[in-house]
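**Q** So for the sequence shown, the numbering used here puts the first residue at 133; every next one is plus one.
FYI, nobody ran anything at the bench for these hints, they're computed from the structure.
Cut-off 30 Å, straight-line C-alpha distance, at most; resulting in silico cross-link-like pairs (DSS-like, lysine-lysine):
| id | residue 1 | residue 2 |
| --- | --- | --- |
| 1 | Lys149 | Lys161 |
| 2 | Lys175 | Lys161 |
| 3 | Lys175 | Lys163 |
| 4 | Lys149 | Lys175 |
| 5 | Lys149 | Lys163 |
Please read all numbers here as calculations on a predicted model, not as lab measurements.
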Amino acid sequence: VGVGIGGTSDVCVSMAKEALLLPLSTRNKDKTIAALEDELFMKLNESGLGPMGLGGQTTVLGVRIKTAGCHTASLPVAVNIGCWATRRATVRIYSDGRPPEFSQEGF
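Given the sequences, and given the hints that come with them, work out the whole structure.
**A** Okay, structure coming up:
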């Protein structure tokens with residue numbers, strides 16, 4: 133789950149998409165935001181929705197939040213969700229015909 137908080141509406145939506153594509157191992161440097169990521173992660177997985185809404189203990193693989201400053205009269209929030217298939221991956225292709233290698237962590 134990627135969340136954007138603050139900025140203008142268009143910036144907020146863009147941050148939510150950027151947050152969604154961050155590596156799962158990424159931790160927010162702001163301890164308050166990192167704690168919110170952890171809380172949302174736990175609550176979403178406790179919901180019991182599971183993959184595709186079919187039930188289960190794992191509903192989300194991670195929650196990442198990006199923030200930007202904004203005027204106090206408005207506080208846009210955007211949420212972007214994606215299935216596992218939209219996560220980033222790395223492939224190594226060999227010119228000698230060996231099968232390609234795929235990695236979720238990078239090489």
